[in-house]
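There are 2 protein chains.
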Amino acid sequence: MKPKGLGPIPAGFEAHDGQLVIGGRSVSELVEETGRTPVFVYSRARLDARLGELRSALPPRIGINYAVKANPFAPVVQHMAGLVDGFDIASSGELALLKDLSIDMARVSFAGPGKRNDELEAAIKAGVTLNCESEGEAERTLAIGERVGITPQMAIRVNPDFEMKGSGMKMGGGAKPFGLDAERVPVLARRLIEAGVDWRGLHIFTGSQALSADAIIEAQANVIGLAGRLAGEIGAPLPKLNMGGGFGIPYFPGDEPLDLAAVGDALTDRVADLPMELAETQLCLELGRYLVGEAGVYLTRIVDRKESHGVTYLVTDGGLHHQLAASGNFGAVVRRNYPVAIATRFDEEPGEVANVVGCLCTPLDRLADAAELPRAEVGDLVAVFCAGAYGASASPANFLGHGPAAEMLV
Amino acid sequence: MKPKGLGPIPAGFEAHDGQLVIGGRSVSELVEETGRTPVFVYSRARLDARLGELRSALPPRIGINYAVKANPFAPVVQHMAGLVDGFDIASSGELALLKDLSIDMARVSFAGPGKRNDELEAAIKAGVTLNCESEGEAERTLAIGERVGITPQMAIRVNPDFEMKGSGMKMGGGAKPFGLDAERVPVLARRLIEAGVDWRGLHIFTGSQALSADAIIEAQANVIGLAGRLAGEIGAPLPKLNMGGGFGIPYFPGDEPLDLAAVGDALTDRVADLPMELAETQLCLELGRYLVGEAGVYLTRIVDRKESHGVTYLVTDGGLHHQLAASGNFGAVVRRNYPVAIATRFDEEPGEVANVVGCLCTPLDRLADAAELPRAEVGDLVAVFCAGAYGASASPANFLGHGPAAEMLV
Chain P
-2 MKPKGLGPIP AGFEAHDGQL VIGGRSVSEL VEETGRTPVF VYSRARLDAR LGELRSALPP
58 RIGINYAVKA NPFAPVVQHM AGLVDGFDIA SSGELALLKD LSIDMARVSF AGPGKRNDEL
118 EAAIKAGVTL NCESEGEAER TLAIGERVGI TPQMAIRVNP DFEMKGSGMK MGGGAKPFGL
178 DAERVPVLAR RLIEAGVDWR GLHIFTGSQA LSADAIIEAQ ANVIGLAGRL AGEIGAPLPK
238 LNMGGGFGIP YFPGDEPLDL AAVGDALTDR VADLPMELAE TQLCLELGRY LVGEAGVYLT
298 RIVDRKESHG VTYLVTDGGL HHQLAASGNF GAVVRRNYPV AIATRFDEEP GEVANVVGCL
358 CTPLDRLADA AELPRAEVGD LVAVFCAGAY GASASPANFL GHGPAAEMLV
Chain D
-2 MKPKGLGPIP AGFEAHDGQL VIGGRSVSEL VEETGRTPVF VYSRARLDAR LGELRSALPP
58 RIGINYAVKA NPFAPVVQHM AGLVDGFDIA SSGELALLKD LSIDMARVSF AGPGKRNDEL
118 EAAIKAGVTL NCESEGEAER TLAIGERVGI TPQMAIRVNP DFEMKGSGMK MGGGAKPFGL
178 DAERVPVLAR RLIEAGVDWR GLHIFTGSQA LSADAIIEAQ ANVIGLAGRL AGEIGAPLPK
238 LNMGGGFGIP YFPGDEPLDL AAVGDALTDR VADLPMELAE TQLCLELGRY LVGEAGVYLT
298 RIVDRKESHG VTYLVTDGGL HHQLAASGNF GAVVRRNYPV AIATRFDEEP GEVANVVGCL
358 CTPLDRLADA AELPRAEVGD LVAVFCAGAY GASASPANFL GHGPAAEMLV
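Top line first, the protein sequences correspond to chains P and D. Last residue of the first sequence: 407 in my numbering, with the numbers rising by one and none dropped. Last residue of the second sequence: 407 in my numbering, with the numbers rising by one and none dropped.
Hints listed in this document are in silico derivations from the structure and should not be mistaken for laboratory results. It is possible that some hints are incorrect.
Stated by the list, open to error - Between beta-carbon pairs, the in silico distance windows are:
hint, chain 1, residue 1, chain 2, residue 2, range
1, D, E50, P, S25, 49 to 55 Å
2, D, L98, P, G251, 46 to 52 Å
3, P, E374, D, P72, 39 to 45 Å
4, D, G20, P, T148, 23 to 29 Å
5, P, E374, D, A71, 34 to 40 Å
By construction, the Cβ of each residue, glycine as well, lies at the ideal position given by its N, Cα and C atoms.
Generate the whole structure from the sequences, applying the supplied hints.
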């Protein structure tokens, strides 16, 4: 079997006595503490380090928001509360989570194209900023605010006329279900301001999972330009501008990490030369995957080792029910391998080519195809890296009755 | 926007006073009873009708097993207990479900390439037949049986040398993680019989979601031929043969229903002329999707109606977190539309072309692209048909914090 490449393991993961170490502890210790596999292990030190890199690279003027959807595990969200300036949520479920964690609702904004009336009401009552997605939603929000006697805090989500080039997922440019086409924003903004809402500004999201600094730099310039023009047309200052995110992480063979320094330098120049309409505007980035993705590792145990027509299969007790994207079944056109390793033989050289599969009765359940790995046996642990974002919560945990993986923050 | 076709709505769904009726009740009544949307509604009458069609078409010799993974909603499984001859499970979670429902474990078999030791032990203790996937799993099973002092009931899952042509998902032919390559089966079967297990026979699964009767007829002939040869080589009768399933349902534009009569006629002929090694063998089909898929409808409410660059979006409170396959993100290479309708305007002619999307902040969350539909407003209900199998349990319900849909059997 001709080997296929594996995605790059994020820098800094090391072996001790042959075992992958996360947060200073070996994978065997971590699994023993959890009492079961599979388990997602998230590293506090990596979360801290990533935020440190961002604070160093970005101008101090730029706030950093955490998009909770990337990883809503409560201890992770709690830890992020000490690191970031704000939170972006996408449902009343995420709102309830932040309430449970006693997070200051003045730091929270809520975007999502299909907000139900009960979600709007919960957000208004909680004092969360609503990123309005349409004229219809705006009128519903105003009516609910009136009914409950609370002034809604409202921003407008803009569907820009440009997109982030090379982003894994395009969120702007052309017809989209997200936000309001840019040319309709001034009319709605004036309507909201005249209706007496607490006007919070604009949210412009242009894409996600971009690894090209140039693409991000260009998108940010476009976002600032558009926001300045819209502020002028609205005729009122923008209290806040959520510039979106889009910072990607390397998942696949050949992917290179984002040049964060280049993005930071360009943004520093840009912030020094803002359009006058944004002179007093609070600027922030909304990041999810970039903050938490590389801080997480999914550990699953090999329960069978078998051959079929000359091909070696390492069958694990995990699978796509926890790792939908890694299996290639979420937004991917062609399946490619994530970074995967034998965590209990992390310092061994490759000794064979094997397919790593999950425990589900479906050929879709693949964790690594034709991977060059140290020879592993039943009982060894497999690590899937880049598992900190859109893993546990973005996978069908109940498929085939297996249930969710364990999660831990170390 | 040029309209794209929608998948065919299963025959027999009708309107009353303009509303889609399921199990004799309008969708508005059903949603009112549930108290929320989205909701999966499963129809007892449709489950009964499908089983009736199968019993009429198939020779009496052929048992029908239900693959619980297709829909593990407890009331559905309970209802199936009165209709089918056996159950196939894929995890200890499904085993626990059947136990809770007091289903006779003598009717249950357990297949899955990554059975953990605790799952093997639970199955042995419960008296479930284990469809063994490898020599390694066989030895683990024997050891556990010895340790707990219970004789395991064991069959062998065979990876056949042929596949079901035209099946949506190939499960046999070439290297596979499922079962044992056919040529290694006799040695392992003799080993198990000599070790004193309760020998239960073979499980041969060749594919799934096939709409071609010819392909199924050919695969069944091959399965019976292979089982006969293997029984001869084993030198012991096969108590049971699970012939797999693979019966598909139409999801997409142009799909035609399976010609069940043709499959039944061919199988009747085949059963009248069985290899002598199978003369006393209990034969069964394992069906999941075909039994429950068309009995389910997913209902979601339109919460926004918006335009973007001339495109109309109907934004619902549902989405891919309940309908991953319908969104095109599960095993599909090219996204095509499932059968979708405006359930509260079920007798109206199309009046516009619209995109039906879910409430998630991702461009992946699409329920229908460029669909010709009656003009719908906020508050209308959208029906996604063919939602009875691999819907609720095969989707990432916790994605973005929305949580699972309601489910009801009517």
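For each hint, the structure was consulted:
1. A beta carbon spacing of about 53 Å between E50 of chain D and S25 of chain P agrees with the range 49 to 55 Å that was offered as a hint.
2. The hint said 46 to 52 Å for the Cβ distance between L98 of chain D and G251 of chain P, and at roughly 50 Å that hint holds.
3. Between E374 of chain P and P72 of chain D the C-beta distance comes to about 43 Å, which sits within the given range of 39 to 45 Å.
4. About 46 Å separates the C-beta atoms of G20 of chain D and T148 of chain P, a value inconsistent with the hinted range of 23 to 29 Å.
5. Evaluation of the 34 to 40 Å hint for E374 of chain P and A71 of chain D yields a pass: the beta carbon distance comes to about 38 Å.
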